[in-house]
Amino acid sequence: MIELIDEFQHEPAHDNPLWWENYHFNGYDPENRIGISLYTAIKPILNTKEDIIIIHMNPPIIYQCRYPLRVDDALTAGNLKMEPLILLEKWKIHIADIFEVYENGISAGSPIDVSVDLFFEAATSPYGFTTRRGKRYEQTGMMYGEINLADESILFNGKGMRDHSWELRNIPSWGEWYWLMGRLASDETVSFICTMNEHSHCDGWYDHKGIEKIQHVEMNPIFSSGKLEKCQARIMTDSYTCKILIQPLSSVSVTLGEEQKKFQGIESLVSLNNGEGYGFFWYGP
Numbered sequence: 003m004i005e006l007i008d009e010f011q012h013e014p015a016h017d018n019p020l021w022w023e024n025y026h027f028n029g030y031d032p033e034n035r036i037g038i039s040l041y042t043a044i045k046p047i048l049n050t051k052e053d054i055i056i057i058h059m060n061p062p063i064i065y066q067c068r069y070p071l072r073v074d075d076a077l078t079a080g081n082l083k084m085e086p087l088i089l090l091e092k093w094k095i096h097i098a099d100i101f102e103v104y105e106n107g108i109s110a111g112s113p114i115d116v117s118v119d120l121f122f123e124a125a126t127s128p129y130g131f132t133t134r135r136g137k138r139y140e141q142t143g144m145m146y147g148e149i150n151l152a153d154e155s156i157l158f159n160g161k162g163m164r165d166h167s168w169e170l171r172n173i174p175s176w177g178e179w180y181w182l183m184g185r186l187a188s189d190e191t192v193s194f195i196c197t198m199n200e201h202s203h204c205d206g207w208y209d210h211k212g213i214e215k216i217q218h219v220e221m222n223p224i225f226s227s228g229k230l231e232k233c234q235a236r237i238m239t240d241s242y243t244c245k246i247l248i249q250p251l252s253s254v255s256v257t258l259g260e261e262q263k264k265f266q267g268i269e270s271l272v273s274l275n276n277g278e279g280y281g282f283f284w285y286g287p
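The sequence shown stops at residue 287 when you use the numbering used here, and every number in between is there.
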């Protein structure tokens, strides 16, 4: 059961430096064809906070920065500010800084002034669950507000999702992994993280006339020259099985985990089932 107090930071369960508390928001505006993903990782054992914001447009732009952690106001330390206006219902998000333009998935070394003022307004109650890594809850909603890129102002409005987790994240140990958060046109929703190694495992849920825990996921990715062209996911709950075709629209490579082995993860804005829905897809290594 998720309570209002869960919106705030949690005390680490132990002193493992891989214990992180993560706040993530994403949304896609179909009219402007822009997706945005905003992520804050609070790492109390390491006394650091890391922010990553990716705006999927043509070309995509990214902001990534680490700061010393101020425990009393971790969500507002640094340039990315996340503020709960109504607990479990509405958040305000702001950043104004220099982003980098990405070409072909990597930094082009071209800076651009960006400011983002967005609101996330929940459409559903949070769905909370426990995994082997820790605890988390996720929620669907609408994301709206304004994005300013140099001299261009964009009014953003689209469906979104958020998650909040406090858990161990030893990502290099996952091997081959995939993470999808998606909204379909029918308002069905999917969210899962799965690993495809000698100990394959999946945590997630599917909302088809009600939320059900995902029992198993089969992934069939197709790569060309090292880039993901598409991926067919077969998702099974206790009472429902479906297939989702995942096709990247925009992808960027992000270096993750300075405190563990550095590795490259890919974030993609994706089309689901040939445009019936959209989502965000992460995978590695």
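No lab work stands behind these hints, which were simulated from the structure alone. All residues carry an ideal CB built from backbone N, CA and C; glycine is no exception. Don't take every hint at face value.
30 Å max Cα-Cα, derived DSSO-like pairs, lysine-lysine [as the list claims (entries may be wrong)]:
| id | residue 1 | residue 2 |
| --- | --- | --- |
| 1 | 211 | 245 |
| 2 | 94 | 137 |
| 3 | 137 | 211 |
| 4 | 83 | 211 |
| 5 | 94 | 83 |
| 6 | 137 | 83 |
| 7 | 92 | 229 |
| 8 | 211 | 229 |
| 9 | 92 | 232 |
| 10 | 211 | 232 |
| 11 | 137 | 92 |
| 12 | 245 | 215 |
| 13 | 232 | 245 |
| 14 | 215 | 232 |
| 15 | 94 | 232 |
Computed spacing ranges between beta-carbons, pair by pair [claimed, not checked]:
| id | residue 1 | residue 2 | range |
| --- | --- | --- | --- |
| 16 | 240 | 153 | 46 to 54 Å |
| 17 | 111 | 85 | 29 to 37 Å |
| 18 | 214 | 96 | 14 to 22 Å |
| 19 | 244 | 113 | 36 to 44 Å |
Now for the hints, and whether the structure bears them out:
| no. | hint | result |
| --- | --- | --- |
| 1 | 211 to 245 | holds, 16 Å |
| 2 | 94 to 137 | holds, 23 Å |
| 3 | 137 to 211 | holds, 24 Å |
| 4 | 83 to 211 | violated, 35 Å |
| 5 | 94 to 83 | holds, 8 Å |
| 6 | 137 to 83 | holds, 23 Å |
| 7 | 92 to 229 | violated, 36 Å |
| 8 | 211 to 229 | violated, 35 Å |
| 9 | 92 to 232 | violated, 34 Å |
| 10 | 211 to 232 | holds, 27 Å |
| 11 | 137 to 92 | holds, 21 Å |
| 12 | 245 to 215 | holds, 16 Å |
| 13 | 232 to 245 | holds, 13 Å |
| 14 | 215 to 232 | holds, 25 Å |
| 15 | 94 to 232 | violated, 34 Å |
| 16 | 240 to 153: 46 to 54 Å | holds, 53 Å |
| 17 | 111 to 85: 29 to 37 Å | holds, 32 Å |
| 18 | 214 to 96: 14 to 22 Å | violated, 36 Å |
| 19 | 244 to 113: 36 to 44 Å | holds, 42 Å |
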